[in-house]
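Trainee: Sequences listed follow chains A and B, in order.
The numbering of the first sequence is our numbering, which starts it at 1 and goes up by one.
The numbering of the second sequence is our numbering, which starts it at 1 and goes up by one.
Be aware that a few hints might be false.
What the hints assert, rightly or not - Heads up, simulated DSS-like pairs for lysine-lysine below, C-alpha to C-alpha not over 30 Å straight-line:
# : chain 1 : residue 1 : chain 2 : residue 2
1 : B       : Lys207    : A       : Lys129
2 : B       : Lys213    : A       : Lys129
3 : B       : Lys237    : B       : Lys160
4 : B       : Lys131    : B       : Lys115
5 : B       : Lys213    : B       : Lys131
6 : B       : Lys131    : B       : Lys160
Keep in mind that the hints were calculated from the coordinates and are not lab data.
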Amino acid sequence: MNRIGYVAFNTFREAVRDRVLYNLIAFALLLSGAAVLVGEISIDIERLVVVNLGLTAVSLFGVVIAIFMGIGLVSKEIEKKTLYTVLSRPVRRWEFVVGKFFGLTGTLVVNTFFMAIGVFLALLYVAHKFERADICVLAALYFIVLEFLIVCALALFFSSFSTPIMSAVFTFALFVIGSLAEDLRGFARITEGLPGAVATAVAYLVPNFSAFNIINQAAHGFPVPGRLMLYNTAYAVLYSAMAISGAVLIFQRRNLK
Amino acid sequence: MTSARRVNIVAAAVLLLSMAGGVALLTVIDRMQMKLEPQQALYIRSSKTLRRLCLGYTGLMADIYWTRAVQYFGMQHHQGSRDFRLLAPLLQVTTELDPHMLPPYQFGANFLGPKPPNGAGLPGDALELLKYGIAHNPDQWRLYYNLGFLYFTEFKDYSKAANAFALGAQLPITNGFMPILAARMAQQGGEFETARILWYSTYQSTKEEAIRKNAVDHLKALQVDEEVTQLEGLVAKFQQQSGHFPANMSDLETAGFIHGTPLDPNGHAYKLMPDGRVEVQDPESILYITKGLPPGMASPMPKPAAPPKS
Numbered sequence: 001m002n003r004i005g006y007v008a009f010n011t012f013r014e015a016v017r018d019r020v021l022y023n024l025i026a027f028a029l030l031l032s033g034a035a036v037l038v039g040e041i042s043i044d045i046e047r048l049v050v051v052n053l054g055l056t057a058v059s060l061f062g063v064v065i066a067i068f069m070g071i072g073l074v075s076k077e078i079e080k081k082t083l084y085t086v087l088s089r090p091v092r093r094w095e096f097v098v099g100k101f102f103g104l105t106g107t108l109v110v111n112t113f114f115m116a117i118g119v120f121l122a123l124l125y126v127a128h129k130f131e132r133a134d135i136c137v138l139a140a141l142y143f144i145v146l147e148f149l150i151v152c153a154l155a156l157f158f159s160s161f162s163t164p165i166m167s168a169v170f171t172f173a174l175f176v177i178g179s180l181a182e183d184l185r186g187f188a189r190i191t192e193g194l195p196g197a198v199a200t201a202v203a204y205l206v207p208n209f210s211a212f213n214i215i216n217q218a219a220h221g222f223p224v225p226g227r228l229m230l231y232n233t234a235y236a237v238l239y240s241a242m243a244i245s246g247a248v249l250i251f252q253r254r255n256l257k
Numbered sequence: 001m002t003s004a005r006r007v008n009i010v011a012a013a014v015l016l017l018s019m020a021g022g023v024a025l026l027t028v029i030d031r032m033q034m035k036l037e038p039q040q041a042l043y044i045r046s047s048k049t050l051r052r053l054c055l056g057y058t059g060l061m062a063d064i065y066w067t068r069a070v071q072y073f074g075m076q077h078h079q080g081s082r083d084f085r086l087l088a089p090l091l092q093v094t095t096e097l098d099p100h101m102l103p104p105y106q107f108g109a110n111f112l113g114p115k116p117p118n119g120a121g122l123p124g125d126a127l128e129l130l131k132y133g134i135a136h137n138p139d140q141w142r143l144y145y146n147l148g149f150l151y152f153t154e155f156k157d158y159s160k161a162a163n164a165f166a167l168g169a170q171l172p173i174t175n176g177f178m179p180i181l182a183a184r185m186a187q188q189g190g191e192f193e194t195a196r197i198l199w200y201s202t203y204q205s206t207k208e209e210a211i212r213k214n215a216v217d218h219l220k221a222l223q224v225d226e227e228v229t230q231l232e233g234l235v236a237k238f239q240q241q242s243g244h245f246p247a248n249m250s251d252l253e254t255a256g257f258i259h260g261t262p263l264d265p266n267g268h269a270y271k272l273m274p275d276g277r278v279e280v281q282d283p284e285s286i287l288y289i290t291k292g293l294p295p296g297m298a299s300p301m302p303k304p305a306a307p308p309k310s
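With the hints as extra help, turn the sequences into a complete structure.
Mentor: Below, the structure is given as structure tokens:
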């Protein structure tokens, strides 16, 4: 367990050293610009824009970081030959993969934490006070973090056997498909026979990212059922576990010579 | 001077010059494009397609479309155009992307309903928009208020207006004006007083400066219309009693019809004309008035708004 922690901590440190957290500056500029400008060019949607834009940016920035960091986690170590140093120590291959996963998700959690502060500061700026409905923004942020768990796991899974570019393409494609999972399910429902069975299988196999997107509800302050939080948490944990297990299985058999 | 320093200076100079040149060129290009007056277009009218294209981030997309609708209306209004053909589709896409976003219903109906130049002159579309809004937000009294307002101002349908206000008044969270408005509409009487309550409640229920100013302008206009009607009634009464029109307001005061010199909302005295009509001193300064104008003069409307900032 300690060894996983070391790998995770080093992954986080490497991300910070790679200036990944610099995206926070872009985020802060985007959000403060929107908070100030939207009142000038639109009518009565300042709060909605701050929540919608803020949470969409948290989600998309995070997904991009997850993909581009995740795809290089294994390949970069092989390329720099640092992996051999790590594996020559008492670190097992599965510990290395799991540690990388936790390091990456940790980076994203820290990133999201700072972005969340930005969102709430922008909310305070436009509304001059916090409202009870703002709690829903926290729920939406939690769901975004769950989304990151799956994206990180997928990026790591693909990077365990593919080139960085192909891993990025696969992960991003799955993110797009998963964001349209409801449409895919609708298509599966109206299709019969073999195509229907294939569509249903695909609809359940791809990650359902649309279930994690409650940004619009949060913007309107609609409450999030506790059961949905529980089910989404369980789903994200199970799906990530599935992808990480796949990555471990492949990485265990990979010839590193 | 070292070679490295020379390179630094040259690079900095090229950077600054390029930047200045780029800005200058863009200004010229912008001026050329303004002359071309490109026709605005709405390429994607299907909210379903947009929903897919934006990967489910519909809230942000709805915000963008609502801002576009505001900018489009502002731009057409500023140019004095009577062509608002994209307004209804823009509002439709916005509300389909986010059916719970209230400003597009509230303000959108106000953009669509009134006749040009104040609006698009599409009260039917405004009605559809509000009905769609109420179907998705049945607990929002403001939408019933807007519906009643639309029936009253654009359709002159007192019965439906009364019904809309009454439904809004029954909601758990409502405004104190709603039952009063419902009762007034049901009585179909005292149009001045009803309109006054409507505009006053509009003023009270919004924080938007432009909407509040519009409400104040309408309240001033109502005051003028009502006072001119009353004064002309008194002038007619004076003429019946004395056989001639009063020469000035003092005659009315001496005869005991009025107390003091009546002033319009801008503080100017009303003018009594030789033919017994009453006019305001500066008709251009009070928007929307229908009474107290020189013969043949149309009701003053607001000048085109400042171009929307974008």
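Trainee: Determine for every hint whether it applies to the structure shown.
Mentor: Results for each hint:
1. Lys207(B) <-> Lys129(A): holds, 16 Å
2. Lys213(B) <-> Lys129(A): It holds: about 26 Å lies between the C-alpha atoms, which stays within 30 Å.
3. Lys237(B) <-> Lys160(B): Answer violated: Lys237(B) to Lys160(B) is near 37 Å, above 30 Å.
4. Lys131(B) <-> Lys115(B): Since the Cα atoms of Lys131(B) and Lys115(B) sit roughly 20 Å apart, the hinted pair holds (cutoff 30 Å).
5. Lys213(B) <-> Lys131(B): holds, 27 Å
6. Lys131(B) <-> Lys160(B): holds, 13 Å
Of the hints listed earlier, the one the structure fails to meet is number 3.
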